[in-house]
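Peer 1: Below are the chains, spelled out letter by letter.
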Amino acid sequence: MILIAFIACTVAALLLIAISHTATRMNLVCTAQAVLFTLITVYLLLFHAVPVDSFIIGNQYFFIDHFGIFEVLLTSVIFSFAAVYARGYVAGLLESGELEKGSLKLFYVAWTLLLLLIVLAFCSDNLALFWIFAELTTITSAILIATLSARENIDAAIKYIFVASVAMLFSFVGLIFLFETSRSALGSGTLNWTELMQHAAVFPPGMMVAATALVFIGFAAKSGIFPFHTWLPEAHAKAPSAVSAILSGVLLNVGIYGILRMFAIAHQNPAGATIAPLIGLFGVLTIGIAAISMLPQKNLKKLIAFSSVENMGILLIGIAVSTPLAIFWVLFHVMAHSLTKASLFFSAGILHRQYRSRVSADAIDEIRDVFRLQPLAAWGIILGGLAIIGMPPFPVFFSKFFILLGLGSISPLVLAAVLVLLFIAAVALGYFVITAFTQVTPPGTTPDIDRYPIPLSMKVPIVVLLCLAVILGLVFTSGEISFFNQIVAELRF
Amino acid sequence: MIDPAFIQGLIKILFVVVVITAAYIISTRNLLSLVSVYALQSLSLVLIALALYSIEGAPVLLAIAAITFASKVLIIPYFIATIQEKVRIRRDIEFHFLSPTTSLIISMGLMLVIYIALSKILAGTHARESFLFFGAVLGISLMLMGMMVTFSRKRAITKVLGYLTMENGVLLFGLFVTELPFIIEFLIIIDLVIVVLLTTILTVGIDSTLEDYHKRLHRFHLWEEEERP
Numbered sequence: 008m009i010l011i012a013f014i015a016c017t018v019a020a021l022l023l024i025a026i027s028h029t030a031t032r033m034n035l036v037c038t039a040q041a042v043l044f045t046l047i048t049v050y051l052l053l054f055h056a057v058p059v060d061s062f063i064i065g066n067q068y069f070f071i072d073h074f075g076i077f078e079v080l081l082t083s084v085i086f087s088f089a090a091v092y093a094r095g096y097v098a099g100l101l102e103s104g105e106l107e108k109g110s111l112k113l114f115y116v117a118w119t120l121l122l123l124l125i126v127l128a129f130c131s132d133n134l135a136l137f138w139i140f141a142e143l144t145t146i147t148s149a150i151l152i153a154t155l156s157a158r159e160n161i162d163a164a165i166k167y168i169f170v171a172s173v174a175m176l177f178s179f180v181g182l183i184f185l186f187e188t189s190r191s192a193l194g195s196g197t198l199n200w201t202e203l204m205q206h207a208a209v210f211p212p213g214m215m216v217a218a219t220a221l222v223f224i225g226f227a228a229k230s231g232i233f234p235f236h237t238w239l240p241e242a243h244a245k246a247p248s249a250v251s252a253i254l255s256g257v258l259l260n261v262g263i264y265g266i267l268r269m270f271a272i273a274h275q276n277p278a279g280a281t282i283a284p285l286i287g288l289f290g291v292l293t294i295g296i297a298a299i300s301m302l303p304q305k306n307l308k309k310l311i312a313f314s315s316v317e318n319m320g321i322l323l324i325g326i327a328v329s330t331p332l333a334i335f336w337v338l339f340h341v342m343a344h345s346l347t348k349a350s351l352f353f354s355a356g357i358l359h360r361q362y363r364s365r366v367s368a369d370a371i372d373e374i375r376d377v378f379r380l381q382p383l384a385a386w387g388i389i390l391g392g393l394a395i396i397g398m399p400p401f402p403v404f405f406s407k408f409f410i411l412l413g414l415g416s417i418s419p420l421v422l423a424a425v426l427v428l429l430f431i432a433a434v435a436l437g438y439f440v441i442t443a444f445t446q447v448t449p450p451g452t453t454p455d456i457d458r459y460p461i462p463l464s465m466k467v468p469i470v471v472l473l474c475l476a477v478i479l480g481l482v483f484t485s486g487e488i489s490f491f492n493q494i495v496a497e498l499r500f
Numbered sequence: 002m003i004d005p006a007f008i009q010g011l012i013k014i015l016f017v018v019v020v021i022t023a024a025y026i027i028s029t030r031n032l033l034s035l036v037s038v039y040a041l042q043s044l045s046l047v048l049i050a051l052a053l054y055s056i057e058g059a060p061v062l063l064a065i066a067a068i069t070f071a072s073k074v075l076i077i078p079y080f081i082a083t084i085q086e087k088v089r090i091r092r093d094i095e096f097h098f099l100s101p102t103t104s105l106i107i108s109m110g111l112m113l114v115i116y117i118a119l120s121k122i123l124a125g126t127h128a129r130e131s132f133l134f135f136g137a138v139l140g141i142s143l144m145l146m147g148m149m150v151t152f153s154r155k156r157a158i159t160k161v162l163g164y165l166t167m168e169n170g171v172l173l174f175g176l177f178v179t180e181l182p183f184i185i186e187f188l189i190i191i192d193l194v195i196v197v198l199l200t201t202i203l204t205v206g207i208d209s210t211l212e213d214y215h216k217r218l219h220r221f222h223l224w225e226e227e228e229r230p
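Chains C and L, in that order, are what the protein sequence lines are. Residue numbering for the first sequence follows the numbering used here, beginning at 8 and increasing consecutively. Residue numbering for the second sequence follows the numbering used here, beginning at 2 and increasing consecutively.
Just chain C, same shape as in the assembly (with noise of 0.2 Å):
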């Protein structure tokens, strides 16, 4: 019944997009299917006992826990804000040529099916499933970027595209595996994520190591993990800002979500001990190379991008320490991290609309006057990135916080190396701002660019969003501590 009402909500969306004409209009009918997604999934969280049973969802390979829904939600938030951005920025394209007018509505029909395509993918209980949809979101987040008409975005798409789809069949492989270890264990092979949270303790070690390697492989390469996050920077840099903060917020954490729960079904077994280092390593590595590669970065976008890569670096190490503490940082940290990120490609979409180079989409960001120009922008960016490098009272603080303090309990060396780390990441971030916020044309000479102007559709969101993050770092309400307690007693960390 539900994913009647979410595929019914989309099926009416494609319609109204297929008939109308003005860019408008498509926007409009976008944000009302985000808004009528996020309405759903609030209705299910009052009135519903979660799981919701199968009778409500309407389907068996389908399921909503309190993971799958508190996933569900921050989507459909996410979405809702970036398709009202999306507004002025979409028309802001179109008004200097850079989105043709044939491709706009490609673009919203490629909209409106990713956000289902998500919600589909964290409601499947079938890991078959819910690898398929993973692998349409590649997809149709791919034409999203692919729609701007510039070579480097068909370029930035078709990369995107192998990297992902050659990393994910090897987590079809991992799925083979289990579905075989399943078999030899139980007799007959299931990949349903229920019944195989409730066998795992008895499938062999060796197999499960094998398999939940291989679907790691293909997770990790959706979320940007080191070694497969080489799409991931120019992706995001390339896509129009309201697609890029949807990559950022919403399409990583159907990777760390698909490592999440295949990292539950193999820390049932004794499998998990020789994954959990593995993984601890992978997160090390992507904390270094964003680090790293954060230093020289030029382009904001870029910037930002990278930063995206060392936030999945610490979830890995979150998943890794997989204490029930550890665990619940880790998803608090994907709540913090999405929202913040969100907001930063925002105000970033802004300084690129004012200051988009004539040269290419990739030459350095020359940015001048910006408090002049863009004030609001400016402290978006300022208060964003002091967020997400995990300043208090942000949220992102807490779970870097307890996520690295769950890190020095096992390693105290590791951490010690994390941290010098997550400060490069944060001194480029800094220097970054400080060398470009403070370049001002010379007073006597008269400033030779205009200022662009920004609907109020683009500021909204920013100042929303950062608003959101603020409080969930000073308010804890017992409700949402509970919530994010049953998920962790679901995963059974």
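Bear in mind the hints are in silico, worked out from the structure with no lab data behind them. Hints are supplied without guarantee of correctness; some may be wrong.
A short, non-exhaustive set of chain L residues, derived as facing chain C with CB atoms under 8 Å [claimed, not checked]: (1) I12; (2) V47; (3) L48; (4) I122; (5) V171; (6) F174; (7) V194; (8) L203.
Glycine included, every Cβ here is placed at the ideal spot set by N, Cα and C.
Chain C is already provided as a structure; the job is to place chain L on it using the hints.
Peer 2: Then chain L, alone, in the frame of chain C:
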């Protein structure tokens, strides 16, 4: 009923065909024959599935053979060949960093490593039986060889063929290691078709200038016409 030993011999011959096609895909520079070789490789997979069906009798295998034949022997090669003809790329001489000879030597090494690794992992399961096991090894090797093609070639259309080879490897592996439910096989083929469609459309763009690209897309009716004001 056909003699199982004969069928097993047949499967072994088909294995050799798969290896030869994979070696060809890795080393050739001629794009047109690449597609037909890929179709041949898929066809031998279909025959392997049919041969397995005649031994095991599971109807899933028949379904897999049918869908593989339709999608990978007919539709996808036809589609790629059409696109190729229109774009007129015949040769891919730009290798990123691996020359054909090195690739061949590396893939031989890979097969050996996979053989050793798999014999450890699969020890104790029924897939360890001699010829089933060799199918699994071949599947993973084919997959890694496809990956090598994907990452060592520059043209996107060759990359697509590398990806397709990888997927053939996954199918082979799945056939020999376990009996997957048909729906899963079906899903992966749907995914494959979409990936191929999208990447080839984008490929047309990458191998030409942007203005050309839009003109071409209009010609193929792959892009919407300018809307009414």
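Peer 1: Honestly, which of those hints from before does the structure not fit?
Peer 2: 1, 2, 3, 7
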